[in-house]
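J.: We have chain A already, so just place chain B on it with the hints.
2 protein chains.
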Amino acid sequence: MNIIDIINKKRKYESLTDEEIKYVIDGYLNDEIKDYQMSSLLMAIVLNDMNNDEIYSLTKYMADSGEKLDLSPLGNNVVDKHSTGGVGDKTTLIIAPIVASCGVKVAKMSGRALGHTGGTIDKLEAIPGFTVNLTQADFIKQVNDIYVAITSQTENVALADKKIYALRDVTGTVESIPLIASSIMSKKIALGAKKLVLDVKVGKGALIKDLTAARRLSRLMIDIGKENNIEVVCMLTNMDIPLGNNIGNALEVAEAIEILRDHKEGQLRTLCIELASHMVSLGLNISYEEAMTKVLTNLSNGMAYDKFLELVKYQHGEIDKLPQARSKYEIKSMTEGYLADIDAYKLGLLSMSLGAGRKNKEDAIDYSAGIVIGKNIGDRVNVGDVLMTLHTQKEVTNIDSSIFKISDEKVSEEKLIYEIIK
Amino acid sequence: MNIIDIINKKRKYESLTDEEIKYVIDGYLNDEIKDYQMSSLLMAIVLNDMNNDEIYSLTKYMADSGEKLDLSPLGNNVVDKHSTGGVGDKTTLIIAPIVASCGVKVAKMSGRALGHTGGTIDKLEAIPGFTVNLTQADFIKQVNDIYVAITSQTENVALADKKIYALRDVTGTVESIPLIASSIMSKKIALGAKKLVLDVKVGKGALIKDLTAARRLSRLMIDIGKENNIEVVCMLTNMDIPLGNNIGNALEVAEAIEILRDHKEGQLRTLCIELASHMVSLGLNISYEEAMTKVLTNLSNGMAYDKFLELVKYQHGEIDKLPQARSKYEIKSMTEGYLADIDAYKLGLLSMSLGAGRKNKEDAIDYSAGIVIGKNIGDRVNVGDVLMTLHTQKEVTNIDSSIFKISDEKVSEEKLIYEIIK
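Residue numbers (this note's numbering), protein chains in the order written: chain A, 1 to 422; chain B, 1 to 422.
The shape of chain A in the complex, shown without the other chains:
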């Protein structure tokens, strides 16, 4: 077997065998297959596709290429959740305690942020004292004790996926449904998931641009799940709607608390309730409607918020010491009309420049920094109304005025959740 023959097969639209895919993954991990050969093969896969058998093999060998977690001591009602990229992972902060309060175990491993996207771990670290580096034993014990734990992801899971993902990022081979599906699922398999709700983001700003692609990706992840005894439910959601009003670590924790205390309406709450209900339905093996009743009950009776406080306390966080920015700047509208669009990408960049994110891995984060958006899409905007409040320790100059699009006519509300596939 040699890599050039394998590349040539894929180039000619032929399928690769299980042995060939194993050879590629093993060879790439131990550097016998070079980056320039892997990237050529990846581009051939991007353009000539893979069939399901090829994708199952790819996922399997990537999942096997690092440490594997065994969550079986936690029993059968453990549920995981994943979102396919995009700004704002704050849903995890809200959903994990809701779901745990309903009697479903949430053993969550999360990542850190780089660039304008936020990471759950960074948000939790905005809470003074909060420990994010749990040992595997402590992690399992905590989930058994209080049904929820959130820890930073081990570096040694699905090592081939990690190496391939880094290569895809610099070789224009990111946008491929087989490669996206196998990357997500290989990690979930390695992390021991058995029940999984996937939030598949669709939109012009997302990796997945349209519903056709989103449906194929969803079906594929469900099929990979079946091959690996993982129950998968996919929610196809609108990426182009900004979720919630707060951006920045401590500010997002504060917003999560508002929702957990049932003090805030809106699309972030709606999405969290739907995601949580699917997780509870999977975890307890009950209908979606029953699950949603539990979720809504625990939001209104305070049990979800109590679970959040319990989680924070168990991981040594002091929620009453959430940091606040020294200075706040209000950015006011100079025109009138209706808020038609908010550019989430530019907002992310602005938030980063205020100190809320890191450009490089080594950068320190100002946990108090961020943005609070004053209006929602469709709201009436008058001259002088506050569009956003900037929280920062830095000097604020040169705010990009194109972040908010204000139009004369009220735009019709966009759909938040397109469909559920299971």
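Check each hint, because a few of them may be wrong.
Listed next, the in silico DSS-like pairs over lysine-lysine satisfying Cα-Cα at most 27 Å (straight line) [to be verified]:
| id | chain 1 | residue 1 | chain 2 | residue 2 |
| --- | --- | --- | --- | --- |
| 1 | A | K162 | B | K12 |
| 2 | B | K12 | A | K204 |
| 3 | B | K34 | A | K9 |
| 4 | A | K22 | B | K34 |
| 5 | A | K162 | B | K394 |
| 6 | B | K9 | A | K34 |
| 7 | A | K34 | B | K163 |
| 8 | B | K332 | B | K264 |
| 9 | A | K9 | B | K12 |
| 10 | B | K9 | A | K204 |
| 11 | B | K163 | B | K141 |
| 12 | A | K9 | B | K163 |
| 13 | B | K34 | A | K12 |
| 14 | B | K346 | A | K12 |
| 15 | B | K9 | A | K209 |
| 16 | A | K346 | B | K12 |
| 17 | A | K12 | B | K162 |
| 18 | A | K34 | B | K12 |
| 19 | A | K162 | B | K9 |
| 20 | A | K9 | B | K9 |
| 21 | A | K12 | B | K12 |
| 22 | A | K163 | B | K163 |
| 23 | B | K12 | A | K209 |
| 24 | B | K410 | B | K204 |
| 25 | A | K9 | B | K209 |
| 26 | B | K163 | A | K12 |
| 27 | B | K34 | A | K163 |
| 28 | A | K34 | B | K34 |
| 29 | A | K163 | B | K9 |
| 30 | A | K12 | B | K9 |
| 31 | B | K204 | A | K12 |
| 32 | B | K9 | A | K346 |
| 33 | B | K346 | A | K9 |
| 34 | B | K12 | A | K163 |
| 35 | A | K34 | B | K162 |
| 36 | B | K209 | A | K12 |
| 37 | A | K9 | B | K22 |
| 38 | B | K22 | A | K34 |
| 39 | B | K162 | A | K9 |
If you're looking for bench data, these hints aren't it; they were derived computationally from the structure.
T.: Leaving out everything else, chain B in the frame of chain A:
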């Protein structure tokens, strides 16, 4: 501009601009663009193709990426010839003196061999004393003096093409008409060609498998030629027919002499006459028929052979000292029938194992080693007839009996030359 955006454009079937292609070639040559990015882009080009404007730009920047030769001091009747890969470059040995004897200048830069394919330079070095490293000044002077010179190719021509070609070889991105066309033509442009006859090999053993692909490649090289003021004529020829009977350096020189002395018929002679006639037609601006008359005349009156002797003498070769192998082994047929096929690839490997070729760049060549084939396709073969004679200093063992295919029925003769495109 950045390489990832450029790769993504090509991935999405968009065309690259002249500036983008310049950026790629410059960046790759100075290592700003990495091998793994270039190979990803190359695979995207292989699968998503390039339009003519893209190919012109690619060819131009590759041609400009190294030394350039100026042949204008030689005037307007200089003609070059190139063959698209394959075993047996011995046509150059025969054609160059024929064409020169007709009053057309042949300033030929040739390469060395690696593996089972032969290089013109190695064959000439089989002639004791023959100098293949001419300075540029001596090269030009010799062509002016006797109308023909053959020297080894400078290492510094079309450096981007050289780097890209080496990468394509190990990344399954060889088979692409735009990449093949731009690679050949960039070198020819850099070497100063103005009139060019291209022998496009077609067949299952060739880079170009069918006539459709061969026609596109030919049209493309003609179009690239037009863009660069080079007159190009393409001959589409059958790759699957073995040309001539001798393989091995001194043996091929001997066979070239046989044809130049008009002592040998057959398809090698036919091909050489056709190629030479097209070159003479281009060089003297006369009709193909007139050119062929000159070629045939100079073969029969000895002028072509005299030109060969003049060339050898000018480059200090001693043709009467051509080396001969110490031992010869006759391989005889054990069956009877008609010779139906000869496996040129296996013959090449056998010849190499006898000492005629090098596996690695550093290996020494035994110039006397090689093979003389005793039968032509279609010949009657009886038990005990000599199929081939091996010339070597080595022990001969384990001859692959599948080199010759002998069948009960006489096969119909295959076409040698498919068509001419200009």
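J.: Give me the numbers of the hints this structure contradicts, sorted from smallest to largest.
T.: 5, 11 and 37
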